[in-house]
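Please take these sequences and the hints and turn them into a complete structure.
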Amino acid sequence: MSATAEILSELEALRLIDPHTHINPHAAASDSLADILGYHYYTELAHSAGLPRDQIEEPGIDPKEKVARLVPWLATIENTTQYSWLLEMCRVFFDFEGSLINESNWEALYDSSRKLMQGQTWESTVLEKSGLDQVYLTNDFDDALTGFDTQLYVPCLRTDDLVFNLQNSEVRDRLATATGITAKDSGTLRQAVGALFDHFAANNARACAISLPPDFSPEYVSDSRADILLEKAAADQALDTSECRDLSCFVFLCLTEQCADREFPFDLMIGVNRNVYEDGVYQGQDLYDKRVSLIQYRQLFNAFPQVIFPISVLSETSGQELVSYAWIFPNVLPHGHWWYSNIPVFIEKDCRSRLQAVPRTKQIGYYSDMYKLEFALPKFAMYRRILARVLATDFVRDRGWTVVQAVELGRQILRGNVERVFGA
Amino acid sequence: MSATAEILSELEALRLIDPHTHINPHAAASDSLADILGYHYYTELAHSAGLPRDQIEEPGIDPKEKVARLVPWLATIENTTQYSWLLEMCRVFFDFEGSLINESNWEALYDSSRKLMQGQTWESTVLEKSGLDQVYLTNDFDDALTGFDTQLYVPCLRTDDLVFNLQNSEVRDRLATATGITAKDSGTLRQAVGALFDHFAANNARACAISLPPDFSPEYVSDSRADILLEKAAADQALDTSECRDLSCFVFLCLTEQCADREFPFDLMIGVNRNVYEDGVYQGQDLYDKRVSLIQYRQLFNAFPQVIFPISVLSETSGQELVSYAWIFPNVLPHGHWWYSNIPVFIEKDCRSRLQAVPRTKQIGYYSDMYKLEFALPKFAMYRRILARVLATDFVRDRGWTVVQAVELGRQILRGNVERVFGA
Amino acid sequence: MSATAEILSELEALRLIDPHTHINPHAAASDSLADILGYHYYTELAHSAGLPRDQIEEPGIDPKEKVARLVPWLATIENTTQYSWLLEMCRVFFDFEGSLINESNWEALYDSSRKLMQGQTWESTVLEKSGLDQVYLTNDFDDALTGFDTQLYVPCLRTDDLVFNLQNSEVRDRLATATGITAKDSGTLRQAVGALFDHFAANNARACAISLPPDFSPEYVSDSRADILLEKAAADQALDTSECRDLSCFVFLCLTEQCADREFPFDLMIGVNRNVYEDGVYQGQDLYDKRVSLIQYRQLFNAFPQVIFPISVLSETSGQELVSYAWIFPNVLPHGHWWYSNIPVFIEKDCRSRLQAVPRTKQIGYYSDMYKLEFALPKFAMYRRILARVLATDFVRDRGWTVVQAVELGRQILRGNVERVFGA
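Protein chains in written order, with numbering that gives the first Met the number 0: chain A, 0 to 423; chain B, 0 to 423; chain C, 0 to 423.
Worth double-checking, as some hints may not be accurate.
[Stated by the list, open to error] Computed footprint of chain C on chain B; a stretch qualifies when at least three of its residues, placed anywhere within it, have a C-beta under 8 Å from a C-beta of chain C:
(1) 34 to 46
(2) 71 to 80
(3) 278 to 287
(4) 342 to 352
Keep in mind that the hints were calculated from the coordinates and are not lab data.
Where a beta carbon is used, it is the ideal one built from N, C-alpha and C, also for glycine.
What follows is the structure, given as structure tokens:
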């Protein structure tokens, strides 16, 4: 048995906490194959290969019909990593035994899997087969956080709307409704943000999170400047680009202050441009500009040494910066492998560089980013295979580590640090 | 026999279409070793290692003397991939049996190869040994396109001059001569560009192509703005930087409109700065600024969903952006491995990332970019070896694919998609 | 015996010249383990993992106490490459036989190693065990260069202060003191710089060196512009940002002119931002902005073809640019693997790309950048292992080279080119 296989076997026995997902805790598992194939990773690839968007997103389309339309396009994407996840889900969860899903076999698969998914215990079956102990969520700031087990589905406060859209009255109204506080100046905004953190902390939330465009740089904005901007917004006057940017910075500052007070890690997901492909499918419109640097966060990292920033970067060209910043800043932590960087070739490079240069206590190996519960299994499986090979190669082969030492490092990256950082 | 060897053996049996070259169809094959060693890949490396430019480019120098001057410098570049191409050409085409070409053996090689190259059938011998069915060209917009077999040597309309130099009267004169139309405003420019496409389409052209500097971003420019610029140019008034940029954008727009009308793919080769090394040898003066992003093409990709853009990027730091944009934009296709990225370490990374995340129907694996016909063989051989290893590793080993499946994917990348995209 | 092992064995037998270090020739070797663990690579990682800076940098702290404070944190960084250097030093120099250094064994190691380091011959023992023939230094411009063997410890003129801080009277005073010339205009500055080069050349100096921030671009500045700036500085008037930048460019120009006159290579270390992490430990505060391009040096490389520029880049995203610029510019040479890029995953990629595309005569494989003599051994050992594997894979396996040929290439990269470029 090779070192890789030995290590992998141990890592596969490990139970997991998934520290970042988009799971809806009221409907965590899939209802049918349409929920799985409806994931944007498949719809956007099928669309990219030629399937018109309106066929995928026809209003009121029947789930089975949706799958029927997507299946013929699977042949065009069977090379992709995303397809390999699909196959692994179907094999593990639905006892699918083929090597390809195509027009000849999809309907039987649809029907048999549907039957399983309709079972009362499907959600717990998926959790169990996936070895998941906890699943972190992504919650709108005005989410009630009721009706689910927050020990299993752990809330996280997602703050994109607050930071980038507070100039819109609709967002300010949602904030007022959620907190009972009208944010009309810097003081009341701080109160309102504090009320959000009260609510989230009371419901077992473990982190604050945000995704950020490549050109964002969180600079300090004074209360008096924020007063002017918030009063202008409250008076329904339009803010210009520079005013919007300052308001964003101020809201970001208030959130970071709360993270400091509450000892919440602040997950930064750096580098996404929204709606780049305007006619793309749902959630398949975002891209990036690789011309971004962590130097843009210099002021933030210095100003808030007490806040832990688990950081995800979208472009692989940011991978080394993340390693270097985590190498010297105590509060900067590399976090998972995000979206366009979540394929083996980039995971492998990032995994190696982090293991070679960042303290082992500071690395959070992986999160699934999933929308439906079935995806944790193949995504973590992919990561574990890469991690096992890197540990076998860079540590057992090249540095003379024992397999036991390597496994212990793997466990820490995959599970131990998640507990330590997010205080599970 | 390893999976890599099995796959490679199948890929080597495949006949090829080379979708981007600089072949002169009137003198496609080399006349002597001077044509091969005169390729800028060798002259620039020898110059970089110390051979003065004026010794390489002495006017009227005898071909054999040129080779005699270059040969002593080969020892300094025998580590390079480019040298490995030279050796492979000499072995396959000229029965060279040494492991190095040096002062002791070059002359015999020169003479014996010269004899072969002077044979009547040399061009077809090279095509046959290289397995080439078709070779795509790079034609100036005013190329007559006569005197060669356009089914074998397929014309492509190269448009750098039109887009970046139309402010020069010499280029406008060439356009007028080629089309009979004087481009003095937006309307007549459109007509002239249309006439070029008529001419190229009538001669079996398959694509429009252009290389672009890192700071170019094709923004929309109105007809009325273009009218002003073209009238100013026609009056021999100098255009300032901003006016030149707008004129470039407008010409680019006209070309893209024609590509839409004619269903021509528009090959974009993104990221080259011309004449960076001013005293460099011929064609050995260009470099790049890696600070470029495909976000600069956001407007274009959205505005022309019906135009296919096979895209080459010069910097390896653009590789992931190309994968990501091709992953969601139906009209963005990764195309080959260009110039400074055309060495194994970067090809391997790009090849892996494309195979892992871009629909298999959208990838055009390789083109030679050659100036003389002999180069297709070693360049494609290099690519096939890398492709075979990636298929064996990432697909057969890591994903359980059969060798037959892997070969089929390789064939599609290497040949099938070239036919599909360029409509050969 | 594998090709890798055969090649490695030959490379390990090679004696070395280390072309860039920060060794103090008056105290080259370590005095105790505190000198080794006090290296910023360990203090910054321990601090990043959680050890407060004031515990590391307490004024007047006893060396043994310092080590006692650092040791408990080694468990958090034992995965890092830096830790592997520590272990290798302890094994080779101090006969340490454990696999980890921890609370249970550090004190014995401290005491036994201390005894060795206090021996009269320790410095020569380290040089001998490390196979070091020469060690290049980094000397302040006003270093007396006396009291040590400049054949063994070769001076290099470090010029960051001159280029970036000449607007400060303290630096101008140091320059006046060192040279006897007050630089009050362009002419006297040239004389003063010339006097520095006289002094360094007379003391066997082999290079001029500088580290440069990502936003620096050495543009031409005229004497008359410099006159104004230097007169303003001499009058103790503050220079604004643009004036400081021009003054930096002018000093840089004067240095380059001297390099041309003296045939000194000019080591450029491109891309560091100083003091990014303001509360970081000593020498653990610097980071970078990856948005830098060698195109910023276009004017310089063209203007000084007679000056050799060995170039180090801090960001791995600059690696390919360095290869490409060295591929066509005769005066651009890739130099070692610097700082945040000095870990195996990035060394391997850079090593492969340079060997595949830069003339073999132009590559300087490695320097240690060390502050204490013991570090050359594990750092060069790390590099040699990577080099041996790359040679075995890319050359012996993929290109059919013999082991002898591969070893010869390795020797040239590691030693031959250092002698050739720096004229040792």
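Enumerated hints in conflict with the structure, sorted upward: none
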